[in-house]
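Residue numbers for the sequence shown follow my numbering, so the first one is 1 and each next one is one higher.
Hints are computed from structural coordinates only; laboratory data are not their basis.
Careful, some of the hints might be misleading.
To be verified - Each computed DSS-like pair below joins lysine-lysine, with the alpha-carbon atoms no more than 25 Å apart: (1) K286 - K429; (2) K429 - K378; (3) K343 - K378; (4) K185 - K386.
Unchecked claim - Derived Cβ-Cβ restraints for the label pairs, each shown as a range: (5) I314 - D150: 26 to 32 Å; (6) F351 - P74: 53 to 59 Å; (7) D150 - T313: 38 to 44 Å; (8) L129 - A163: 17 to 23 Å; (9) F351 - P90: 36 to 42 Å; (10) P90 - S187: 35 to 41 Å; (11) L408 - I384: 56 to 62 Å; (12) T374 - R430: 18 to 24 Å; (13) G350 - S319: 41 to 47 Å; (14) I384 - S83: 56 to 62 Å.
A virtual CB, placed ideally from N, CA and C, is assigned to each residue, including glycine.
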Amino acid sequence: MNPIANFRLLIKPLPFLLVSFMLCYPLVGFAQGGAGASAANLNTPVSLDADEAYLPSVLAILAEQSGFNIVTGPGVDKAQKLSIRLQDVPIEQAINLVVRASGLSYEIVGNSFLIASTETLTKDDEVGLKPYLIELQHANVEEVKDLLADLTDNVQTLPMGNALLINTNPKTIEEIRHIIDQIDKPSFQIMLETRIIEVETNYAREMGIDWSKLTKLTTILVENGYSEAEGIYTLGQAGESRFEELGDFEILPDQQGYQPLDGLSNIGHFSRQLTAFDVTLDFMLKNNVAEIVADTRLTTMNNRQANLHIGETIPYTVSNVVVGGGTGFSIERENVGTKLEIKPIVNADGFITLEVTPEVSSVVELINGELPRTKVRKASTTVIVKDGERVVLGGFLGSEDVNTEYRLPFFSNLPLIGNWFRYNSMETKRTELLIEITPHILKNGKLVNGDVHEDFPMIDMRDEMREKATQQHMDYLQEKKNIMLEQDASTGE
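Construct the entire structure; sequences and hints are all you get.
The structure is reproduced here in structure tokens:
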């Protein structure tokens, strides 16, 4: 046979033998470093097609294609073979498939994959333990400690510095730092405008006041909105509303804009639209048949409870048996009156969830002259409102016997006959407690919405309604100006 032909037969299978040698030879270790590894990401696609290839060789090819470092532990069987066919698969998914098929586990450390047995990686959690001090800027240390309970038990709190002392390994501390970065952020502050009003129901019943009906959509025009020319309350031109959209009537009156009235000068008088509920309540306050028990502003953090107590604290003595058979005494206290617990939660959509628990209590009697027996009216409700929207809670009814003495001056103080000039009247005073709560979200100590517009004093509206009212006012003035110009032009002709 021709020597050249024999040489060609020997050379022809050489590339195949070289590839087979690379796939079958058990590599001891491998790592891809440099700029390629630093720029690698877990979504880098890789492709591989091999039959009965050694595990280290497969990992080496994946490291070459992805730019990741791959480190194997001593528990990895370098003689293990597997068949694999991957086409444009993310590197993390490829590593996961290869490792699971081999009965192993892996971890990602920086831009490297650490592959070892599950037992080895679990034991590694106990290697390299050292203390780490993490200072929190905004979150509460006790709450963060409870949140980290599933990751590690070796957490101590330092309340004075609002810090955590954690004894753990480098791998776990990175996970903890990542979690803390997500939750240690400034929280919202919520200002709660709270007003508690006690209303005499006797007077309300005599006047035919029904609070449930007053809370429905009822609009009235007051004060400077009166049209002297027509003698009635009107909006815009005769019989014509200045609302541009019918949908405006679906908005609660206290959220609607301010409308100019026809028959007034062109300086643009406004007429405020109020709910009848507010007007009736103001009427009762001015006539001394309603009393404001509390008018306060509470500021609390998001998801934190605010408490309000108006009343008194009654001390009483409690006896108990102590060790040795003796009797000891301790002082207990009972808070009675009006108590209010409010927990605001700012939702992702900007709405505010209010968890409200009002309580009204009073002392009925003292048992054996010492222990107070109290009567309690308590409710608990959860509502969702907009920023600046008011919530009114009612239905806390109460009664009190009032003894009123009437006397004639001077004569009622005379001896023997003084009783002829005075008498007592006993009546039952029935009251209802109304609780108003208006939450406002604060940002840097200032209201986010509902700020007062500088051009219209005493007008408190949302930005959208304020801009609409302002635009309507400007359009109205322009319309009046055009009418006056047309009249002047016609007069000149």
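Hint check results:
Annotation: proposed proximity of K286 to K429 holds, straight-line Cα distance about 19 Å (limit 25 Å). At roughly 21 Å between alpha-carbon atoms, K429 and K378 fall within 25 Å of each other, so this suggested pair holds. With a C-alpha separation of about 16 Å, the suggested pairing of K343 with K378 holds against the 25 Å cut-off. Taken as a hint, the K185 and K386 pair is honoured in the structure, with Cα atoms around 23 Å apart against an allowance of 25 Å.
Between I314 and D150 the Cβ separation comes to about 45 Å, which falls outside the hinted range of 26 to 32 Å. Evaluation of the 53 to 59 Å hint for F351 and P74 yields a pass: the beta carbon distance comes to about 57 Å. Take D150 and T313: their Cβ atoms lie about 42 Å apart, and the range 38 to 44 Å holds. Between L129 and A163, the C-beta spacing of about 19 Å keeps the proposed range 17 to 23 Å intact.
Between F351 and P90 the CB atoms are about 39 Å apart, so this pair conforms to the stated range of 36 to 42 Å. Range check, P90 to S187: about 37 Å between beta-carbon atoms, so the 35 to 41 Å window is met. A beta carbon spacing of about 59 Å between L408 and I384 agrees with the range 56 to 62 Å that was offered as a hint. Taking 18 to 24 Å as the suggested C-beta distance range, the pair T374 and R430 conforms, at roughly 20 Å.
In this structure, G350 and S319 break the distance hint of 41 to 47 Å, their C-beta atoms being roughly 55 Å apart. Our hint of 56 to 62 Å for I384 and S83 holds, since their Cβ atoms are close to 58 Å apart.
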